[in-house]
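Which chain is which? The protein sequence lines are D and L, in order. Residue numbering for the first sequence follows the working numbering, beginning at 1 and increasing consecutively. Residue numbering for the second sequence follows the working numbering, beginning at 1 and increasing consecutively.
Keep in mind that the hints were calculated from the coordinates and are not lab data. Ideal Cβ positions, reconstructed from N, Cα and C, are used throughout, including at glycine. Take the hints with a grain of salt, since some may be wrong.
What the hints assert, rightly or not - Stretch by stretch, here's where chain D covers chain L in the computed footprint (C-beta under 8 Å, at least three residues):
1. 85–92
2. 177–184
3. 293–299
Stated by the list, open to error - Part of the chain L face toward chain D, derived, beta carbon under 8 Å:
4. 266
5. 270
6. 272
7. 379
Number of protein chains: 2
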Amino acid sequence: MGEFLILKSGDEAREILTSFAALATESVALDHAFDRVLGEDLLALEDTPPWPRSVMDGYAVRARDVQGASESVPCYLKLVGTVPMGAVLERRIGPGEAAGISTGGVLPEGADAVVMIEYVDRARAEEIEVHRSVAAGDNLIRPGEDLRRGDMVVPRGKRLRPQDVGALAAFGRTEVRVFRRPRVAVLSTGNEVVPPDKAPAPGQVRDVNQYALSAQVRRAGGEPLLGGIVADDAAALRARVLELLDESDMVMLSGGSSVGVRDVASEVLASLGGSVLFHGINVRPGKPTLCARVGDKPVLGMPGFPVSSMVIFDVFVRPLLWRLSGESARDPWPARRRARFSRRHASAAGREDWVRVRLESRADGAWAAPVLGGSAALSTVVRADGLVRIDAGSEGIGEGEEIEVFLYE
Amino acid sequence: MGEFLILKSGDEAREILTSFAALATESVALDHAFDRVLGEDLLALEDTPPWPRSVMDGYAVRARDVQGASESVPCYLKLVGTVPMGAVLERRIGPGEAAGISTGGVLPEGADAVVMIEYVDRARAEEIEVHRSVAAGDNLIRPGEDLRRGDMVVPRGKRLRPQDVGALAAFGRTEVRVFRRPRVAVLSTGNEVVPPDKAPAPGQVRDVNQYALSAQVRRAGGEPLLGGIVADDAAALRARVLELLDESDMVMLSGGSSVGVRDVASEVLASLGGSVLFHGINVRPGKPTLCARVGDKPVLGMPGFPVSSMVIFDVFVRPLLWRLSGESARDPWPARRRARFSRRHASAAGREDWVRVRLESRADGAWAAPVLGGSAALSTVVRADGLVRIDAGSEGIGEGEEIEVFLYE
Chain D
1 MGEFLILKSG DEAREILTSF AALATESVAL DHAFDRVLGE DLLALEDTPP
51 WPRSVMDGYA VRARDVQGAS ESVPCYLKLV GTVPMGAVLE RRIGPGEAAG
101 ISTGGVLPEG ADAVVMIEYV DRARAEEIEV HRSVAAGDNL IRPGEDLRRG
151 DMVVPRGKRL RPQDVGALAA FGRTEVRVFR RPRVAVLSTG NEVVPPDKAP
201 APGQVRDVNQ YALSAQVRRA GGEPLLGGIV ADDAAALRAR VLELLDESDM
251 VMLSGGSSVG VRDVASEVLA SLGGSVLFHG INVRPGKPTL CARVGDKPVL
301 GMPGFPVSSM VIFDVFVRPL LWRLSGESAR DPWPARRRAR FSRRHASAAG
351 REDWVRVRLE SRADGAWAAP VLGGSAALST VVRADGLVRI DAGSEGIGEG
401 EEIEVFLYE
Chain L
1 MGEFLILKSG DEAREILTSF AALATESVAL DHAFDRVLGE DLLALEDTPP
51 WPRSVMDGYA VRARDVQGAS ESVPCYLKLV GTVPMGAVLE RRIGPGEAAG
101 ISTGGVLPEG ADAVVMIEYV DRARAEEIEV HRSVAAGDNL IRPGEDLRRG
151 DMVVPRGKRL RPQDVGALAA FGRTEVRVFR RPRVAVLSTG NEVVPPDKAP
201 APGQVRDVNQ YALSAQVRRA GGEPLLGGIV ADDAAALRAR VLELLDESDM
251 VMLSGGSSVG VRDVASEVLA SLGGSVLFHG INVRPGKPTL CARVGDKPVL
301 GMPGFPVSSM VIFDVFVRPL LWRLSGESAR DPWPARRRAR FSRRHASAAG
351 REDWVRVRLE SRADGAWAAP VLGGSAALST VVRADGLVRI DAGSEGIGEG
401 EEIEVFLYE
């Protein structure tokens with residue numbers, strides 16, 4: 001029973017995991033910047049747009065020339081040219097003059113507004129009839145109206161969305177500094193584990209965790225490295241972990257959910273000069289989770305059941321990967337739904353529970369039904385739409401209680 | 001004014017886009033299956049687990065032998081061995097006998113339950129002292145309890161999550177059929193557009209859309225193909241579109257937001273034997289969106305302003321890509337939040353509006369503030385946290401009205 005004494009709470013484990021630092025930055029080309037974490041502040045390098053541009057198809061005019069124009073009392077202006085796209089009109093618009101302009105065209109000097117094409121008739125070859133007055137600045141975007149030189153556009157530590165990549169392009173940033181993607185080795189352990197292409201003999205089981213965890217690493221923005229399977233042998237495990245630490249930024253040992261195997265793992269980590277930061281957390285599922293630091297790299301001993309391993313990844317390891325990735329602030333569960341809990345669920349006080357649920361749409365709204373079956377049943381997580389958290393301070397959720405479901409995406 | 005007559009509504013455009021069919025399927029290796037769309041039904045190939053397994057570390061026993069056991073009145077059993085991991089105990093558990101077993105171990109014949117290690121003391125080398133009674137089946141997972149042979153595990157058309165990849169591994173599926181990822185060419189058009197590495201001369205503008213749209217394609221599960229920039233020249237555009245159609249499953253023309261350029265695009269598409277499905281939609285931003293079919297491939301004329309182009313992609317093109325990807329049912333906006341709208345926003349009746357908003361957390365809850373600035377200002381979408389939809393039937397949103405924000409992720 002001794003091990004219960006050293007269990008860390010979920011919050012303690014989270015706090016410990018914040019002690020790891022972001023990886024170094026590197027330079028990538030613009031077309032590889034999407035979904036990377038920005039390693040520098042992106043400031044506006046120039047006023048945007050640098051000149052007044054039309055935001056409509058129409059005619060560049062002097063607003064005072066069309067004051068009072070209407071359907072019944074149009075104004076007539078002399079058409080002196082058309083603004084070429086990609087260049088400027090080599091002529092000033094004088095009193096009583098106008099020039100054709102397309103969306104995005106540069107407003108010619110002398111003009112101060114654009115009349116939309118819908119409110120103009122071509123009276124003659126060199127004359128237009130304007131049916132609507134405009135104010136100075138109408139249908140334009142002014143220099144610096146989008147962004148002023150020096151404005152913060154995207155801060156360091158933000159994962160680049162498509163629009164952020166667009167902003168890089170707009171400022172001619174064909175190379176950009178981003179944090180390195182964490183390279184995460186996943187190593188399955190256990191005498192009973194066989195690769196998926198082998199038919200398991202009685203007592204053997206196919207390796208699920210290596211593939212599920214690798215997919216989770218990829219979803220969290222890391223690069224998985226399939227580390228293979230090692231038997232429960234301290235020397236073999238030590239040798240393989242050493243190799244993998246050399247090739248990666250973080251190692252996840254999967255399996256070894258039995259006490260003996262976990263002891264081997266923590267001995268091995270100690271022998272590598274690592275310090276065990278926690279070994280056992282008061283969380284269900286996933287109690288036997290282990291975290292060590294070897295050099296400056298995290299080594300995680302994940303619980304053996306695929307379900308527990310996947311939950312622990314989402315709840316604890318994913319935020320760690322975001323941290324290594326340099327991501328400074330991030331909503332861990334952007335996709336979530338309020339729902340009512342369909343069935344009383346008890347939880348031990350002091351323990352943080354994560355319950356797999358299915359969402360059901362009923363006449364009276366959304367309900368979250370716990371998926372029946374223990375952590376040993378992979379189907380529980382395949383059938384689930386998401387997770388519900390029961391805080392350590394709570395003793396469970398009552399039937400009909402309103403809760404928040406964190407969706408799997 | 002003629003063009004307004006042929007505007008399709010947003011709903012009509014959505015309906016038209018459902019006329020495109022999913023791409024073919026292909027076979028990929030298990031470690032490339034994550035985030036692909038399953039092209040076959042994954043059924044359980046065998047009962048899972050195939051044999052009864054312990055879900056705890058402890059001792060395999062016959063439940064009737066420990067009936068009534070307690071702290072004060074323990075039962076004594078003869079320890080006849082330990083179940084080896086990855087194999088079976090070559091011995092039957094007889095009356096009064098027990099065997100050590102680890103989590104995941106196969107229950108030996110004769111035994112029908114597992115007592116947790118916490119409730120057992122090793123009395124002597126070959127004897128254990130059991131302090132808790134168990135019922136038959138306790139601390140076990142029975143054959144088929146997780147999945148029964150023939151159960152639907154993951155249906156065709158589902159995008160594979162990490163747990164679904166785990167299920168493939170569990171059934172030894174080292175190869176799996178998935179839909180091809182749509183390959184989407186993005187071609188920028190316009191005499192004024194220069195590549196991001198060039199300093200724009202007056203009137204020129206750096207190509208933003210190609211990079212932003214490519215990132216959106218990738219986020220939607222497609223493979224972007226940077227198609228370069230062509231000038232507003234019908235022959236050049238025709239030649240380049242033909243080339244790109246050959247290399248891709250879909251082409252997006254970006255730019256050409258002016259009427260003249262759009263007319264060129266639709267003439268070019270007609271000359272390729274394509275039919276224009278719509279040309280102009282009653283949606284803001286993004287009215288000048290064009291959709292054609294050339295052969296069985298969609299060709300989209302995207303609006304020229306980066307903001308409009310990005311909104312139209314998220315609202316209309318992304319679901320089209322999911323469709324090409326074979327994805328059968330998908331929540332288009334899994335990440336959303338209820339909030340109150342901070343500022344009255346009028347919308348023309350009959351027009352569907354998508355308003356860029358920032359989320360603000362105030363003492364009285366979440367508020368969504370429209371980002372000021374027109375579609376010509378890229379900063380409006382860079383600063384936004386998400387979009388709010390104003391339906392065609394509505395004339396706007398009032399101050400303080402509760403709405404749903406669809407989050408950018």
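Verification of the hints:
1. 85–92: Contact hint for the segment 85–92 of chain L vs chain D: holds, 4 residues under 8 Å.
2. 177–184: violated (count 0)
3. 293–299: Result for this restraint: violated, n = 0.
4. 266: violated (16 Å)
5. 270: violated (22 Å)
6. 272: violated (24 Å)
7. 379: Given a least distance of 5 Å, the restraint on residue 379 of chain L holds.
Hints 2, 3, 4, 5 and 6, counting from the list given before, are not met by this structure.
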